[in-house]
Amino acid sequence: MTEVERLLQRQAAWQKSRTQLTWPEKIRIAEQMRDSLKQWRIQDPSATGPVQQSEGDR
Amino acid sequence: MRELAQLLNEMQQAGVIRAYALFGATAQMRYTEPVATFDADVLVATVDPARLDQLTDIYAFCASKGYHPDGEAIRVGVWPTQFVPAFSLLTEEALDQAVTVDYEGLAIRVVSADHLAVIALSVGRAKDLTRVLALLESGSVTRESIPVLAERHGLGQTWQRFESRFLND
Chain A
2 MTEVERLLQR
12 QAAWQKSRTQ
22 LTWPEKIRIA
32 EQMRDSLKQW
42 RIQDPSATGP
52 VQQSEGDR
Chain B
4 MRELAQLLNE
14 MQQAGVIRAY
24 ALFGATAQMR
34 YTEPVATFDA
44 DVLVATVDPA
54 RLDQLTDIYA
64 FCASKGYHPD
74 GEAIRVGVWP
84 TQFVPAFSLL
94 TEEALDQAVT
104 VDYEGLAIRV
114 VSADHLAVIA
124 LSVGRAKDLT
134 RVLALLESGS
144 VTRESIPVLA
154 ERHGLGQTWQ
164 RFESRFLND
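If you're matching them up, the sequences are chains A and B in order.
Per my numbering, the first sequence starts with residue 2, numbered consecutively.
Per my numbering, the second sequence starts with residue 4, numbered consecutively.
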């Protein structure tokens, strides 16, 4: 296994572990992600993110 | 989110809506890892679904509680919240069969994983299809449970296309 494969494996395991968090914990993480994305958009309006605010993420 | 749970429960108790359930990304996170989203989506059954201005009473109730419009949404605490009246038999069933869960001491209704997946399948944008894949990967829905519900709502072929495109080797 290459170093990159090991890195991806660790990343996948980390992502999977976040599934086990409680729902309120996940919501708090989403709130932090949203704040970061907003800052990112302010700094670089051409940047693509998951959604525009008006579109939501229904 | 706790503030939103309180508002939704009060709105239902006041008879402004018959039922509600979170759907979209905030609901998805109950079953999967956290995902980025800007707002909270709430499916609602209004008292008179035939009315063209179904959201007027909801907006008025929110205003009476100090929550005001923010673009197309109403800001409740940190969450811009979009209220979406049930728009199909599938979404009506999703409301009926939503689950009541505890959110830091408050009850809140959330669409089931299967209904969330099939609603996403029916909408069909790239991010919706990603949601179906995420729900499958989390094990909260299965390749057996989705087609049963999809078929019942006329989405059998949509599911087959999805399966053929994303799941068959």
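A few of these clues could be false.
If you want the footprint, here are the derived chain A segments under chain B, 3+ residues with CB under 8 Å [as the list claims (entries may be wrong)]: (1) 11-19; (2) 22-32.
Quick list of simulated restraints, FRET-style, between CB atoms [to be verified]: (3) B:L170 x A:L9: 36 to 44 Å; (4) B:L109 x A:M2: 44 to 52 Å; (5) B:G142 x A:L9: 16 to 24 Å; (6) B:A66 x A:D36: 23 to 31 Å; (7) B:L170 x A:I43: 48 to 56 Å; (8) B:G127 x A:R29: 40 to 48 Å; (9) A:Q33 x B:D105: 18 to 26 Å; (10) A:V5 x B:D56: 31 to 39 Å; (11) A:W41 x B:L132: 19 to 27 Å; (12) B:V50 x A:K39: 30 to 38 Å; (13) B:G74 x A:W41: 15 to 23 Å; (14) A:D45 x B:Q16: 39 to 47 Å; (15) B:D105 x A:R19: 16 to 24 Å; (16) B:A22 x A:V5: 44 to 52 Å.
Within a straight-line C-alpha distance of at most 20 Å, the following computed EDC-like cross-link-like pairs (lysine to aspartate or glutamate) qualify [unchecked claim]: (17) B:K68 x B:E6; (18) A:K39 x B:D73; (19) B:K130 x B:E140; (20) B:K68 x B:E154; (21) A:K17 x A:E6; (22) A:K17 x B:E140; (23) A:K39 x B:E13; (24) A:K17 x B:E36; (25) B:K130 x A:E6; (26) B:K130 x B:E166; (27) B:K130 x B:D117; (28) B:K130 x B:E36.
Simulated from the structure, these hints should not be mistaken for lab results.
Positions of the beta carbon are idealized from the N, C-alpha and C atoms, including for glycine.
Q: Go through the numbered hints given earlier and state which of them the structure violates, listing their numbers in rising order.
A: 3, 7, 8, 10, 20, 23 and 25
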